[in-house]
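K.L.:
Respectively, the protein sequence lines represent chains Y and S. FYI, the numbering used here numbers position 52 of the first sequence as 52, with every residue one higher than the one before it. FYI, the numbering used here numbers position 154 of the second sequence as 10154, with every residue one higher than the one before it.
To be clear, the hints were calculated from the coordinates, so they are not data collected in a lab. Incorrect hints may have been included.
Now the stretches of chain S that chain Y is said to cover, found in silico as 3 or more residues with beta-carbon under 8 Å [stated by the list, open to error]: (1) 10598-10606; (2) 10662-10675.
Here are some, though not all, of the chain Y residues that point toward chain S, as calculated from beta-carbon distances under 8 Å [claimed, not checked]: (3) 101; (4) 102; (5) 103; (6) 177.
No residue lacks a Cβ here, since even glycine has one placed at the ideal position from N, Cα and C.
For reference, the chains in residue letters:
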Amino acid sequence: MRMRNLANLCLLRATALLSLWLLSTLSSCSLLQKPTVFLRYFCVAYGAVQLHVSVDVQKKNNATNAGAVSGRPVKGWKISSFVKGFLFFLLSILSFHVIAVLYGAPLQEDTEETFSWALLMATLTALPCWCMLGSRLETWVAVVLNRPESEIESFLQTTVLCTVVGAWLGAFPIPLDWDRPWQVWPIPCSVGALLGHTGGLVLSAIQAKRHRLDTTRKMV
Amino acid sequence: MGLGLKTFGLLLWTVALSVVGITLFTKGFLLNRLEVPIKSSCEESPIEGGGAGKEDGEAQKKGCWTNRHFKKAIILIVDALRYDFATYNASLGPEDALPFQNKLPVLHELLTTRTQSSALFKFLADPPTTTMQRLKGLTTGSLPTFIDVSSNFASSEVMEDNIIQQLAGLDRKVVFMGDDTWTGLYPKQFHKVFPFPSFNVKDLHTVDNGVIEHLVPEMEEEEGEWDVLIAHFLGVDHVGHRFGPYHPTMGEKLTQMDGVIRSVMSKLTDDTVLFVMGDHGMTRTGDHGGDSTDEVGAALFIYSPAKLLQGALQQQEGQAVSQIDFVPTLSLLLGLPIPFSNLGMVIPELFLAFSTNKQTNNSPGHTDWARNITGVEALRINAFQIKKYLDVYARLGEDLPKDVVSKLQKQLAEIDNVYQTVINGKVSTDNAFAALKRAKEGYIKYISEVKEMCRKVWAKFDMVSMVCGISVLCLACIASVCITMQSHDRRVVYNLEKQLSGIAVGIGLGFILGIVSEICTNGTITTSSLAPFMLPCLGSFIGYTTSAWSYKSSKQTYKLPELWRTLKKQPVDWIVATMLVVWNACGLGANSFLINEDAITAFLLQSLMWSLLLAANFNRQSAPSKEQTQKRARAEKSFDIGRYITRPSLLLLFVVVVFSFCIRLSMFFRACREEQWWCETPHFLKSLSTVKGGHKNARYFFAAACMALIPVSLRLFMSKTGNMDGVTPTVLNVKYALPVAAVCTSLYWAMQALPQRVLDNLPAWEQVILPRVVYVIIFSSFVSIVWKPLCLLLQIDRSYYGPDRTLQNGGRDRQLSKLYNQVKGRGGTLPPKNGNPAKEDWDVDNKRIPAVYGLATVYSAASLVVTVTCSQLVALLLGDGLAPAVLLLLTQMGLFLEFHAAVKRTQVRKEGLSQEASTTVLSQVPWPVVVGWGLMTSQYFFYTGHQAAIPTIRFESAFTGFYGDFDNNLVPAVLIGLNTFASQVLFTASLPLLLVWPFCRGKWMDRKLAAGHHGNQEVLDELQKGEFVLHEHPVEYRLNSLRLYSMFFIFNIIKLGGTMVTAGYLRNHLMVWNIFAPRYVFEGVSFLVVCLTMLLSYLLMMRVDDTLAGWVGKLRDYCKTQ
Ligand SMILES: [Zn+2]
Ligand SMILES: [Zn+2]
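In isolation and in its complexed conformation, chain Y is listed as follows:
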């Protein structure tokens, strides 16, 4: 039951992502023309998609009492835990910003661009963790670093790693002298992150499908 959900969820998100992208390209604030505006709207919209889906997941988790991932049973949404999670989310935005600067983004200029990129990265990596694992930073880190045990963990690991690698690879076209308008920080890295994220979603959808087939075969 849950496995199919996960696969669907991945595909649903991928579709949402692509449609958001398409919508923005058609509208006035495309990524190329106004990257910061685009990234801000995109993050809000995609965050909303995630929240909706994950509330769904959360309910099911509660129903089956499968809160073992986070170490203790989750009892709905508490205000305090929400605040904590939100703080961690802000922290992750901040750390992405700092990391971007450490990797060579300008320190004083382009702050808005760097911040928008950090927001995007946090939306693509930290937000799913928050939505699906609850508000413990420990668990978020553990899921990324350890061998995954459940589909949700493997899903999160795949998407987070793909997003990060995508953003990293995105940095390479920046110094090339093709003189294209899109070779400006943060556009290539944002595109890389988005592509990586989509790739991760598709990959984990395939994984979930395969896993399901395997288990049904075993059951037979």
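Assemble chain S with the ligands onto chain Y, guided by the hints.
P.N.:
Chain S with the ligands in isolation, oriented as in the chain Y frame:
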């Protein structure tokens, strides 16, 4: 032969292979032109039948190959006079003009008032735009090749035929004053010389003032005292190097030049022609050497009180002539033979009147006709001189394409026919003018085509030699990969001797075979012979592989699929590191990556570091089970911030974050390439005397503090580990001499901050004494570390020392371990200064045993002393602005070492390894760590203010401690080399630290780990012994040293190979001389520096180990006698 020497032999062999590779490639890539030794002579005109000047000429106008126009010439060379320095923009007010604009109004005045007597051209120099290269071009009229750049310091006499020699040969008197590069090039040819030192770029006025002092008096000398007067001013160039063209000083300097030109002009006589020219331009930062438009475009202004131009020159903006055109122009104007190897063309405007006569084409006046005939004659002489040169060159060298040459010569013959018919009056007068014009255009076309062909050919490459070089480098790379892989296995030590003899036999056989084959095929051994180089390399490689293979195959390991499996098993960081190395090498192929290489290197290093952190936490932790998680969760309900933030992985994270910050901070110390238009030269790279006001003090004291911190922290570290307790030369050196060196360096910088005028007035010895003291201290530091590399203190109480406590046989290890434990128990810090310490402190098992201080860090202490000594030398040469960068470098190095040690110790603890295995694990430096070290080397090459471009070389570093009057070029070359490759020297010299650091450092990790993982008690005991373990496992130590060094070698060789392949592949790329060739040259020299430092530091570490063995042996003997 000891094991150490054997491993050194292998290392030496790979280094030698790569050096041969570099030599072969360089020979093919930086090709030299053949120098033709023939000289033109006055009697032998290139035109058949043409002898000396025409009979009908007035007697005093008789020249060599043609009539002369002027008797005397004055040549004012204003070094780095860019074209836009000489132009005049009337629309700019004095307020709006930039410091270099409108500062030479005299040229403008002459050009507007005396249109027939003056001309201004854009004077296009051939790259490389370095002064000596340009002077050669200006006097010989020949094209340069890239290799000449490197000989800029080996100023040597010009042997090719040149105009100075021609003048001297015809007894014309040449008076020279200014830049002493000239006297190096022409030591005997001048009648009178007033040379001034050229090398000191800080000195803005000595040369110019000297020239000004002598110029007008010399001009006023009586008739016959001089025929050609050359004055070379350097002030503009030096202002450019120091302040750039946008500094007000440039305005002052150019105004001074304006005055000079005016004073010369007022004294000119009618039979004299004046040239004012720049030998090259300058970039917007004031440097030169490359081939950008700003560097290539100099100014040429010609003036004579008499009529100079035959027709009025159409003054187009920026009308360009080539720099080599100066030679034939001057030669024919003065009636001299054109130098034999000249490829330039006379400036037609000075000889011909065609351009003005377009309307009156049909009825040319008689004077115009005669003048045009003379003009075309000049072109014809020029063309035939070039034809003669081409014939001789094609006979001597094989590089000119035969068919093109013969086609060109045929073309010339046809044109000459046209000209002959005109001269002999065989065409009607109506057509005569058109035919003459055709002849003129034909000659011009011929000359320019020959020039183009030569340019193309001399920029041609010897592909065979290049490919050979790259393949030898590949052999070296493969050999070091094999060496790295085989040193995993201890048993290889029995095979080493066989491998070495295989190599020796291979070299010998290859060499003999090479010489024999060369003699059989060619009859002679020439410098271009490849076989005597290639065959020994190939032979030694075969010798090595066969002997290594015989050992391998007997063990049945390393089959290809197995290799693949081991590759697949590698952890994430290994794969990432390899990818980064490959990426780094491939990125060298894109010019935009090379331009931004500084930022990209930092980016790659960041990526590597974070992936190392990820890998350290990734695979090792198996996912926590449910129970564990719950337990941990419960335990953490009581949130203890102190415990939380000192968790091992968080500590590692903290180290990595600080490391990242260091990288980011270091980016503020980068120099700007000419191509980085967005870049602004940072404050730290400007000299202190140009910094204004309060910033000056702040920057100085910051630099001094950084400088002080380096020896102080070494002292603290060594006294903490107990290495400062003994009284050996090395210890005394660290205690007293190195701090003194730091103080001297700081004082020297303070002196440099004085205004230039004050500094110049100081006596010479005061300017150099401080750096010289530092040099002496650093030299003595190196001597002491080689002489007495151990920083130990041995305390033996004879009376209590019983024979049962001998340090021998099986008891040895435990004994020394206890020795160390005791020291450790005492904190290792308290030297029992005179007087007996309390008995309880000394008793172990109620028996006295010797106490040794500093044994646990015996290797790292020696290595650290070397590192710090090198860093002090380098900091002195880099200057005060970059002292913070040196400190940052050392900090980053320390953080990296700590990170590496912590990861290693975690591994030992967690995996619960045996005693033997833990030593192996600790002493094996993984590939990603070596890659990190290599990337840091590249990072700090850029962030100590360098770029891989010739204009960014910091020549001023040659004056730290020297006046600038060098007898030989070795000293400045070494100083500039040390400045440029500071990072390579430092990181390579500190390479042994990577090996020894995990044995005694990274303990902060141990403490945190102790709670969770107890580990093997015996192993823990072993760890307490620190680096002494390495002495007990000499085979491990040597094999792993070899492994470490050859991995570092592989990293460097891959990078070098990348630059070679790209430079070779993109040899016809537009940017090759600007970007790819300099990148290769820098990487090649850097590689050689790395190799040399590597060999020296390897020998030093072997020396430390040998001395330690001797010391332990002595101790044992001593104990036996008790
Ligand atoms: Zn010059
Ligand atoms: Zn210069």
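K.L.:
With reference to the structure, classify each hint as holding or not holding.
P.N.:
Going through the hints against the structure:
no.	hint	verdict
1	10598-10606	holds (count 5)
2	10662-10675	holds (count 3)
3	101	7 Å, holds
4	102	4 Å, holds
5	103	5 Å, holds
6	177	4 Å, holds
In this structure, none of the earlier numbered hints is contradicted; all agree with it.
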